[in-house]
Structures are given as C-alpha cells and as structure tokens.
Amino acid sequence: MRGGALPPALLCVALGLGLASAEAKAALVGLAVLVVMAWAIAFAPIPGSWADTVFLGCWTSIIATAAIVHGSGTLKDKKGFAFSLNASVWTGSVIALAPSKMELLEALPLALCAWPAAWARRRGQAVVLKVLASWLIAVAVLGATLQFLPVTPGYLPDHMD
Amino acid sequence: MVCRLRERPSIRQRALGWLEVAIAFGIAEATPAYAHVGTGFPGGFESGFRHPFNGWDHLLAMVSVGIWGAFLGRPLIYALPVIFPVMMVGGAMLGMFSVPMPPVELGIAVSLLMLGLCVCFAIAAPVWVACAIVATFAVFHGYAHGVELPSAADPVGYSVGFVLTTGLLHVLGIGIGLLNGRPKGIFVTRSLGAAVTLAGVWFLCLALSR
Numbered sequence: 000m001r002g003g004a005l006p007p008a009l010l011c012v013a014l015g016l017g018l019a020s021a022e023a024k025a026a027l028v029g030l031a032v033l034v035v036m037a038w039a040i041a042f043a044p045i046p047g048s049w050a051d052t053v054f055l056g057c058w059t060s061i062i063a064t065a066a067i068v069h070g071s072g073t074l075k076d077k078k079g080f081a082f083s084l085n086a087s088v089w090t091g092s093v094i095a096l097a098p099s100k101m102e103l104l105e106a107l108p109l110a111l112c113a114w115p116a117a118w119a120r121r122r123g124q125a126v127v128l129k130v131l132a133s134w135l136i137a138v139a140v141l142g143a144t145l146q147f148l149p150v151t152p153g154y155l156p157d158h159m160d
Numbered sequence: 000m001v002c003r004l005r006e007r008p009s010i011r012q013r014a015l016g017w018l019e020v021a022i023a024f025g026i027a028e029a030t031p032a033y034a035h036v037g038t039g040f041p042g043g044f045e046s047g048f049r050h051p052f053n054g055w056d057h058l059l060a061m062v063s064v065g066i067w068g069a070f071l072g073r074p075l076i077y078a079l080p081v082i083f084p085v086m087m088v089g090g091a092m093l094g095m096f097s098v099p100m101p102p103v104e105l106g107i108a109v110s111l112l113m114l115g116l117c118v119c120f121a122i123a124a125p126v127w128v129a130c131a132i133v134a135t136f137a138v139f140h141g142y143a144h145g146v147e148l149p150s151a152a153d154p155v156g157y158s159v160g161f162v163l164t165t166g167l168l169h170v171l172g173i174g175i176g177l178l179n180g181r182p183k184g185i186f187v188t189r190s191l192g193a194a195v196t197l198a199g200v201w202f203l204c205l206a207l208s209r
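Quick mapping for you: the protein sequence lines, in order, are chains A and B. Be aware that the first sequence starts at 0, since it is given in numbering that gives the first Met the number 0, and climbs by one per residue. Be aware that the second sequence starts at 0, since it is given in numbering that gives the first Met the number 0, and climbs by one per residue.
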C-alpha cells in the first residue's frame, strides 16, 4: 500500500496550482497534455519491479511541481508544457501499476483546481496557493521518505490484498 | 373565537427530548466493528485526518499558531502555517526512524504554554524568533505523530490526512485571530490565549507527574 491513487492525485493538484500562474492558453494546453499522455501511459506495460522508482519519481515530481507556485511571475509556455509532460508521465506510470486504470478518473479531475487557483491569484490571494503548495511539498517529502523506512505494517500486504 | 395557547413542554419532556436527540446522535456516531477499518486510502486518510482532533494538546497548539500568526500580521500570518506543517513532517521523520528526542510530552506541553502566553500577551516577536519558536515546537508535535505513523495501515493516506488537518486548524486559528479587527475581538482572542496557557499548565503537570 503506497497510497493508491493518492500520489498521482496530489501531483495533479500540484500541477493545477502551478498552471494557475500560466496564461490561459498555456494552462489549457498543459491540462490537455496531462489528460492525453497520462491515459496513454496508464495502459503501457510497466513492470511491477519498477514500482519503487515510479513512486519516488511521482513524489519528487510533486515537490518540483509545487515549487513552481513559489516562483514569481507568469509560468512560461515551454516550462508549463514541460511540467505537464512530466506530471503526465508519472501519473500514468503510477496508474499503470494500479489494479484499476479507472483510478485515473479520481486523479485527473483534480488538475482542474487550476481554474479556482487562477481566480484566487487574480484576486491577489496567491499566498493561499503558496501555503497549499507548501503542504503538498511536506506531504511529498514524507511520502518519499516512507519508501525508505524499514517495513511498517502499512507496507506489509495483509490477507485482504 | 377560542384561541388555544401552545402548551410549553415541561422540564421532564424537554429532558426526554434532549435524551432522544443524544441517543439519535449516539446511534449515528456508532461505527460497526470493521476488522480492517484502517486499511486502504479511506482508512489511512481518515484516521490521519481525525488524529489531531483526538488530542486537545495538538489541537490547541495548532489553533494557537494560527491566532498568533493573525496577531503578528504579514509575513508571519502565512509563514507560520507553512513552517509548522513542514517542520512537523521533519519531526515525524525523526519519530519514524526512532531518533532519540527529549521527552516529547513535555515539549508538547511547553509548546501549549508558550503559544498560549504569546497569544494572551499578544507578544510581537521578531519574525525569526516567531519562526524559530513555532518550528521547534512543530518538531515535537510531528515526532508524536511519526511514532504512531508506522501502526497506521496506510501511512501515505495517514500523512496526507494529518498534514491537511494541521493546516486547516491553522486556518481556523487565523480566522479566530481576524476577530482582532472587531470591537472586543482582542479580548476574545487574548482570553483564548489565557485558556490555552492554562491547558498548557495542566498538560505540563500531567507530563511531569509521569
């Protein structure tokens, strides 16, 4: 148990918060890239032995993507595209390892938080987004660390698995 | 035309009414005994989200951080709710890896006492002092969470839950702190600070008596 759809869901939230600082067109392109690429990668045959790397990549991407929010100014188009591509790769990869691809439907809609986040930003409330991004970073650091923790009951499969 | 006055319920009837409400709440709150209640995302996230509500020491400290931040204004009003969860995660990691620490219960009790005093006397600490105080106490609170984390069935969901609750409690504290702008608002917030200080003394006595 590594949180199931939770890491990709948090990555989608981080991307949404990040894209809030991009121009509307760039944000739309970013979201489209996320949806298309994540769906494509979710059906790729990713070996189960890659799980550690994939989850670590997802947590690291959450940290990097949430860090955009702390940057000042508008997110450049190319940068927004790159972050969206990165998020889609890790979101799709984690879902590819999940028992059900439908978990993608739980994660992807969260990227739509870009819309209210952009609204908050326009109203001069960017600090709220920065606080949320910091919480995401804190959770991602903890999530990544948990991978290196000696076995805990949480990571041991029980008879329900 | 006869106008019948509505009869007021007797004290006994009112007591029975409240009893019925209490029983209804009791039934609604009662949870069946699931053997795997802590398993999976709902179990881990929910137990993590509820965790800070289970202890008054954690809850009061987090709300106090928010109130103090509101007293101190920018940049601490948003810096403290960032520092506390981040440092709490640091403390949780120390707890998970069982790194030795000074008595955690004592640290948490002192945190309540100090934060209560800061709110009660509206202490306008310099930015770095406020950050240092909050960061230090956050480590103790995080350590307590971290030690309990390995027993959770879904540690990732649990972590997200407790970080989110912590942040929301800060936001609640900031909301209370915004009362300062209203007449008698400062009296309310400083009284809350005094209450937190008393709670801190109580928890300190408990920690020392162990």
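To be clear, the hints were calculated from the coordinates, so they are not data collected in a lab. Honestly, I wouldn't trust all of these hints.
Stated by the list, open to error - So the derived list for chain B, only partly shown, Cβ under 10 Å to chain A, looks like this:
1. R73
2. Y77
3. V81
4. P84
5. G89
6. M92
7. V98
8. P99
9. M100
10. P102
11. V103
12. G145
13. S158
Unchecked claim - Simulated restraints on C-beta separations:
14. A:G47 - B:S208: 49 to 55 Å
15. B:W127 - A:S48: 53 to 59 Å
16. B:P74 - A:R121: 19 to 25 Å
17. B:L167 - A:A23: 26 to 32 Å
18. A:P108 - B:P182: 40 to 46 Å
C-beta: ideal position from N, C-alpha, C; glycine also.
Going down the list of hints, with the structure as the test:
1. R73: holds (9 Å)
2. Y77: holds (5 Å)
3. V81: Given a least distance of 4 Å, the restraint on B:V81 holds.
4. P84: Status holds, d = 5 Å.
5. G89: holds (8 Å)
6. M92: Status holds, d = 5 Å.
7. V98: Violated. Min distance 13 Å.
8. P99: Nearest chain A Cβ about 17 Å off; hint violated.
9. M100: Interface hint status for B:M100: violated (17 Å vs cutoff 10 Å).
10. P102: violated (23 Å)
11. V103: violated (18 Å)
12. G145: Nearest chain A Cβ about 9 Å off; hint holds.
13. S158: holds (5 Å)
14. A:G47 - B:S208: 49 to 55 Å: Hint holds: Cβ distance 52 Å, inside 49 to 55 Å.
15. B:W127 - A:S48: 53 to 59 Å: violated (47 Å)
16. B:P74 - A:R121: 19 to 25 Å: holds (21 Å)
17. B:L167 - A:A23: 26 to 32 Å: About 30 Å separates the Cβ atoms of B:L167 and A:A23, which means 26 to 32 Å holds.
18. A:P108 - B:P182: 40 to 46 Å: Roughly 44 Å apart at Cβ, these two residues keep to the hinted range, so it holds.
In this structure, the earlier hints numbered 7, 8, 9, 10, 11 and 15 are contradicted, and the remaining ones agree with it.
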